[in-house]
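Trainee: Sequence lines, in order, name chains X and P.
Going by the numbering used here, the first sequence opens with residue 1, and the numbers climb by one from there.
Going by the numbering used here, the second sequence opens with residue 1, and the numbers climb by one from there.
Please note: incorrect hints may appear among the correct ones.
[Stated by the list, open to error] Cβ-Cβ distance ranges computed for the label pairs, FRET-style:
1) X:Val59 to P:Leu147: 36 to 44 Å
2) X:Ser133 to P:Pro91: 28 to 36 Å
3) X:Thr131 to P:Trp61: 54 to 62 Å
[What the hints assert, rightly or not] Per the computed footprint, the stretches of chain X lying under chain P, defined by three or more beta-carbons under 8 Å from a beta-carbon of chain P, are:
4) 68–75
5) 98–105
6) 180–187
Quick caveat, the hints were computed from the structure, so don't treat them as lab data.
The beta-carbon is built from N, C-alpha and C at its ideal position, and this holds for glycine as well.
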Amino acid sequence: MLEVESLVTDYGPVRAVDGVSLRVGEGEVTAVLGANGAGKTSLLRTISGLERASSGRVVLAGEDITHTAVEDIVRRGLAHVPEGRGVIGELTVEENLRLGGLWRRGESAPLEDMYDLFPALRERRSKPAATLSGGERQMLSLGRALMGRPRALLLDEPSLGLAPRITAQIMALVRQLCDERGLAVLLVEQNARSALSIADTGIVLDLGRVVAAEDPERLADDADLRHAYLGF
Amino acid sequence: MTQFINLTLNGISTGAIYAVVALALVLIWRATRIVNFAQGAMLMFTTFLAAIVIEAGNPYWLGLLVALASGLVLGAVLERVLIRRVESAPPLNAVIVTLGLLVLLEAAAGMIWGNTPRSFPAAFSIQGFEVGGTRLLFSPNDLFIVLVVFGVAGGLALLFRMTTLGLQLRAAAFAPEVARLQGVRVGRMFTIGWALAALVGSLAGVLVAPSVFVGPNQFDSILIYAFVAAVLGGLDSPLGAIVGGVILGLVLSYVSGYEGSALAPLAALAVLVATLMIRPGGLFSPARERRV
């Protein structure tokens, strides 16, 4: 579904992503792990078109989207939930959700489906998103991304600043979405333990390069890797 | 008492003009975080076009239509050609560009149409209504101005709140990157925002022209008062622009009526300073985010 081949991203003289390759299949979760500054967020931003790739390719469902505009990448079925949750605080919960499906022109997911998936949002539908708690904002970001019925989902640090219980709920939901809807999810996380608990594949980045790509159990069992890069 | 009523009505009428120009400033500020110092010059240019059409013997309403259409086009073209290049640059770049545009448009108007102010017809009679044998300083044309301004404000409120275009315009203004990630064509929204603002500004130009005449520099003071009104109401709030405009119009009308018109600019400065000291975000500044 989503393939990244030898992707390179430079910020001036600084190479943030250095030849990363990965593949996420339909219904799979690939976790991208690593410390701060490892290039995780830059990788997602380059895939979704927010940053320009210096070289390499991004292919979505067989179509090269490397130099496609962000708005057109969204229209091809890639949704990106940015770090910090990215809800628009000045808009209401319902407006945020509607925004996610506007480009579908009437073929977006029904709002009621999102309220069924995230009941906490239903009772706050007319409140400004700025008044939501961290967990609710994360639900709103996810719900908004799902409104466009994406084929692939980029999730950047969904557990950031959330209580462990909420993090577990979010992770379980991501896994459920993959299993039920066949979503391909590329999950960037610093919370390695949570991410590996739902992932099919784990990738560890350091200074923009892939230093390990294994199945989650092997990554978790590798004491050196855990100690050096994963922090648990 | 009659004087107070007259000053109040006059304040509402002139305040409506400040309000609509302030609204144009707010629309651009919300869309692109740029204070458009060229707003007065833009509306001057389109009002000149309306004046030319009317002077050629065409009806007032055709002149108004030409002003609105040219404003729409001027705003869109300026955004695409000029402003797009400074939207993501340091704020000072946009300030210099809009100031340069102000000078350019005023100089061009002077060269094309001359610097002598020319009269401009009103849509309706400018003779005040007569109530109980007393003629008020509030004419059918003033009533028309007030109704049009509040109608436009209501229309824009509906556009922003009730339509998908309005939702996209707001999303692009508040969080451009997040909006792009939802498939919103943010560049297009910025162009529409500038076009809408220029349209609203052009309307203000035609409405106020009978009072101030049409000349290259005739609208400079309107822009300054509109800026004060926008700051008073809150640069992020269209409702604030309307309320701020009316409040400023009333303040200036009372000061002019009771203390002399020479003090009006000083009163506007006092309002600006007081706003910045007491409530820098303006009366209708949005609530700060609550950390949970």
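Trainee: Now, for every hint given, state plainly whether the structure supports it.
Mentor: Structure-based check of all given hints:
1. X:Val59 to P:Leu147: 36 to 44 Å: violated (58 Å)
2. X:Ser133 to P:Pro91: 28 to 36 Å: holds (33 Å)
3. X:Thr131 to P:Trp61: 54 to 62 Å: violated (46 Å)
4. 68–75: Holds, because 4 residues of the segment 68–75 of chain X bring their Cβ atoms closer than 8 Å to Cβ atoms of chain P.
5. 98–105: holds (count 5)
6. 180–187: With 0 residues close enough to chain P, the hint is violated.
In terms of the numbered hints stated before, the structure departs from hints 1, 3 and 6, listed from lowest to highest.
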